[in-house]
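S.K.: Residues per chain are reported as follows:
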Amino acid sequence: MTKIILRQLIIMLLSLITLTIFTFSLTRFFPVDSSITGNANVDNAAHLFFHYFDYLKLIVSGDWGYSRINGSDVLKDFLLYFPATIELSFAALIISISIGLPLGVFAARHKNMWQDKLIVSTTLVGYSMPIFWWGMLLVLLFSLTLSLTPVASRIGFEYDILPVTGFMLIDTLISNKPYAVEAFFDALHHLILPAIVLGTIPLAIFTRVTRASMIEALSSDYIRTAKAKGLATSRIIWVHALRNAMIPIITIIGLQISVLITGTLITEIIFSWPGVGKWLLEAVYRRDLVTIHGGLLAIASTVIFINMLIEITTYLINPRLRLQK
Amino acid sequence: MHLLRLENLSVTYHSNNGDFPIIERLSLKMDMGEILGIVGESGSGKSILALAIMGLLSPKMSMRADYINLDGQDLMKMSHAQRAAYVASKAAIIFQEPQASLNPCYSVSSQLDETIILHQGGNNKLRKSRAINLLESVGVTQPETVLKMYPHQLSGGMNQRVAIAIALSCKPRLLIADEPTTALDVTIQSQIIDLLVDLSKAEDVGLMLITHDFALLSENTDRVGVIYSGQLMEHAATENILSCPHHPYTKALLDSIPQLGDRHIKGSRMFALEGNIPAIDQLPVGCRLGPRCPQAEKLCVKNQKLKTIENYGKVRCHVAIAHSPTQPKDKTS
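So the sequences go chain by chain: A and B. Each residue of the first sequence is one higher than the last, beginning at 57 in the numbering used here. Each residue of the second sequence is one higher than the last, beginning at 33 in the numbering used here.
These are calculated hints, taken from the structure and not from any lab test. Predicted, not measured: the structure shown is a model, and the values here were computed from it. Keep in mind that the hints are not guaranteed to be accurate.
As the list claims (entries may be wrong) - Some chain B residues flagged as far from chain A (calculated, every beta-carbon gap over 12 Å):
1. R96
2. I164
3. S187
4. S222
Unchecked claim - Computed Cβ-Cβ distance ranges for the label pairs, DEER-style:
5. B:G154 - A:L372: 28 to 36 Å
6. A:I373 - B:N48: 31 to 39 Å
7. A:L377 - B:A113: 33 to 41 Å
8. B:Q223 - A:R63: 35 to 43 Å
9. B:T177 - A:I60: 19 to 27 Å
10. B:A113 - A:L193: 41 to 49 Å
11. B:Q152 - A:L62: 39 to 47 Å
12. B:V229 - A:L377: 35 to 43 Å
13. A:T74 - B:A113: 51 to 59 Å
14. B:S275 - A:I373: 55 to 63 Å
15. B:N156 - A:V237: 41 to 49 Å
16. A:R63 - B:D230: 45 to 53 Å
17. B:G50 - A:T74: 55 to 63 Å
Stated by the list, open to error - Only pairs whose alpha carbons sit at most 35 Å apart, straight line, appear in this in silico DSBU-like list of lysine-lysine:
18. A:K283 - B:K92
19. A:K59 - B:K157
20. A:K283 - B:K180
21. A:K283 - B:K346
Each residue gets a CB set at the ideal place from its N, CA and C atoms; glycine is no exception.
Based on the provided sequences and hints, a complete structural model is requested.
M.R.: Dropping the structure here:
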């Protein structure tokens with residue numbers, strides 16, 4: 057086990073080095089910031105090599121340069137906006153997994169019956185939904201017509217919550233304001249619609265993958281053995297079949313986490329969600345190359361880190377990988 | 033008292049192109065502790081017979097029977113859940129691919145333990161000792177180590193032993209082995225068959241050995257049932273079938289066994305019945321074997337009935353019955 061974690065850490069480190077080489081090359085092509093690029097007029101390869109190490113030193117020490125627009129520290133900015141993105145992405149993830157997985161299992165158990173066909177066709181619609189249109193449609197229906205959810209932002213302006221962790225759901229609870237609990241539910245209320253919008257496509261994907269994977273698992277010989285043993289149906293489905301079906305599902309979930317974190321952009325714009333996507337888009341509009349560089353580096357590192365976690369989870373769940381000699 | 037009595041068991045496959053019979057009005061009896069061999073070529077419906085008895089048919093198939101009497105109770109009179117529980121407590125099945133029939137994500141101990149919980153119970157310590165006893169009884173030399181392992185870490189023969197241990201954990205009265213050795217190499221084959229026969233004799237467990245290998249049955253079984261295209265063609269004591277097979281299909285099966293050593297005639301070719309088993313949607317009129325039968329005659333286009341031959345067994349072939357020797361060589365059945 058330690059060996060596997062160590063190996064994954066080394067793979068992550070190598071990926072990060074590749075990433076920094078890429079971002080460093082970008083700084084050579086575009087005028088980012090003299091504080092990061094050093095002297096741009098060097099074409100000696102050896103000098104380039106030393107410049108790369110200087111660059112690496114700066115990145116590791118946390119000096120990611122300053123925004124060309126407002127002069128704020130890029131890393132600090134990122135850390136300010138990142139929790140909002142994480143909160144939204146994970147809310148979307150939780151919604152899509154908690155609905156998609158059972159739905160997929162249900163569809164697999166009713167394979168080729170009307171329930172299954174309904175689920176498959178609905179998920180196809182969900183999967184091909186353009187998010188910007190879908191998001192606005194839901195805002196139009198739930199926020200403007202039915203007045204069930206707020207239109208935008210993370211929390212009502214009547215609550216004054218200091219950012220401590222950056223996660224609104226946690227900050228509201230640990231604030232010692234008298235309205236802490238109300239604020240928590242208000243934050244949750246603000247979170248729900250963007251999370252549904254963001255979670256729509258992953259929900260469709262998880263349902264379809266779970267269905268396919270479950271159908272395969274349910275038709276396998278060990279399920280027939282489990283039935284012959286006289287086990288309860290619930291145990292056959294949720295213990296014997298799902299554990300095997302989870303192996304491809306976990307991989308897809310990992311890929312989708314990356315897609316969610318990098319893809320919050322549209323949802324954040326629609327709901328004025330103060331996250332990384334909105335921050336980066338504004339930087340692009342203003343040609344703020346230092347910020348773009350920092351955002352790229354940070355988001356890519358996050359994706360690499362999450363991929364490592366998923367790899368380790370896959371090892372844990374699949375004894376065939378875990379016990380290889 | 034019979035262990036298993038089937039009367040007119042039919043299995044139908046429901047496809048988009050209509051319903052097709054896989055097994056047709058099959059009747060069978062097994063005594064307590066009897067070893068019955070079921071033989072037939074691929075696609076003859078022998079595995080479906082096993083699945084039908086166990087209640088494991090796929091949803092696309094349905095079964096009918098006058099009764100299926102297993103250890104004194106009629107399965108056809110039970111509800112679905114009742115039947116599943118009753119069958120699991122009385123009968124167990126071992127499949128062809130030992131590696132695939134064990135769950136790859138769980139260790140041997142947890143797969144063995146869940147049936148012990150279901151059928152024997154007991155606290156953790158007791159269950160573990162039971163698991164070790166079971167593994168020892170199927171000839172596993174290091175049960176403690178094997179318990180901790182996963183199916184992919186074990187060999188095919190070892191996995192089949194584990195599968196047999198799991199099957200035995202419900203203390204079955206009937207053990208169905210559906211081609212238990214097809215996926216294993218020859219030395220392991222004989223070990224596994226010996227193990228099954230020994231277990232059956234030691235615990236008086238009825239064993240239904242399903243195979244397409246007549247050689248495997250000849251030494252070990254009390255009786256043999258020959259299935260072709262979903263019909264029971266011949267059902268008689270093993271010595272009777274070996275000494276004077278009646279049905280042309282049984283003869284063909286016996287002739288197709290390769291002979292080694294002195295019995296092999298140099299330069300001779302092995303006998304093979306021409307043609308293939310009829311497709312499920314293209315069954316011939318009358319005798320199912322008709323188009324392939326070397327002895328076929330005009331009357332074979334009429335439906336053949338399974339008839340009893342005194343002192344021999346049952347045969348579904350009017351030609352064989354007409355030409356049956358009046359004095360069968362062996363009367364011990």
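S.K.: Against each hint, give a clear statement of whether it holds in the structure.
M.R.: These are the hints, each one checked on the structure:
With 12 Å as the threshold on Cβ separation, the claim that B:R96 sits away from chain A holds: the shortest Cβ distance comes to roughly 21 Å. Consistency note on B:I164: stated as away from chain A, and its beta-carbon is indeed over 12 Å from all of that chain's, at 19 Å minimum. No Cβ of chain A approaches the Cβ of B:S187 within 12 Å, the least distance being about 14 Å, so the stated non-interface status holds. Every C-beta of chain A lies more than 12 Å from that of B:S222, the closest at about 24 Å, which supports listing it as non-interface.
The given range of 28 to 36 Å is respected by B:G154 and A:L372, whose C-beta atoms sit roughly 30 Å from each other. One distance hint, 31 to 39 Å for the beta-carbon pair A:I373 and B:N48, holds here, with the actual separation near 37 Å. Against the hinted window of 33 to 41 Å, the Cβ-Cβ separation of A:L377 and B:A113 comes to about 37 Å, which satisfies the hint. For B:Q223 paired with A:R63, a C-beta distance near 40 Å keeps the hint of 35 to 43 Å intact.
Judged by the Cβ atoms, the range 19 to 27 Å given for B:T177 and A:I60 holds: they are separated by roughly 23 Å. Take B:A113 and A:L193: their Cβ atoms lie about 46 Å apart, and the range 41 to 49 Å holds. A C-beta distance of roughly 43 Å is found between B:Q152 and A:L62, which places it inside the suggested range of 39 to 47 Å. With their beta carbons about 39 Å apart, B:V229 and A:L377 fall inside the hinted range of 35 to 43 Å.
With their beta carbons about 57 Å apart, A:T74 and B:A113 fall inside the hinted range of 51 to 59 Å. The hinted window of 55 to 63 Å between B:S275 and A:I373 holds, with their beta carbons roughly 57 Å apart. Taking the beta carbon of each, B:N156 and A:V237 are about 44 Å apart, inside 41 to 49 Å as hinted. Hint check: A:R63 to B:D230, Cβ distance near 47 Å, so the stated range 45 to 53 Å holds.
Distance hint check: the CB atoms of B:G50 and A:T74 are about 60 Å apart, consistent with the given range 55 to 63 Å. Of the pairs offered as hints, the one joining A:K283 and B:K92 holds, with about 17 Å between alpha carbons and a cut-off of 35 Å not exceeded. Taken as a hint, the A:K59 and B:K157 pair is honoured in the structure, with Cα atoms around 33 Å apart against an allowance of 35 Å. A hinted pair counts as satisfied when its Cα atoms are at most 35 Å apart, and A:K283 with B:K180 qualifies at roughly 23 Å.
Proximity of A:K283 to B:K346 is assessed by CA-CA distance (about 34 Å); at most 35 Å being required, the pair is judged to hold.
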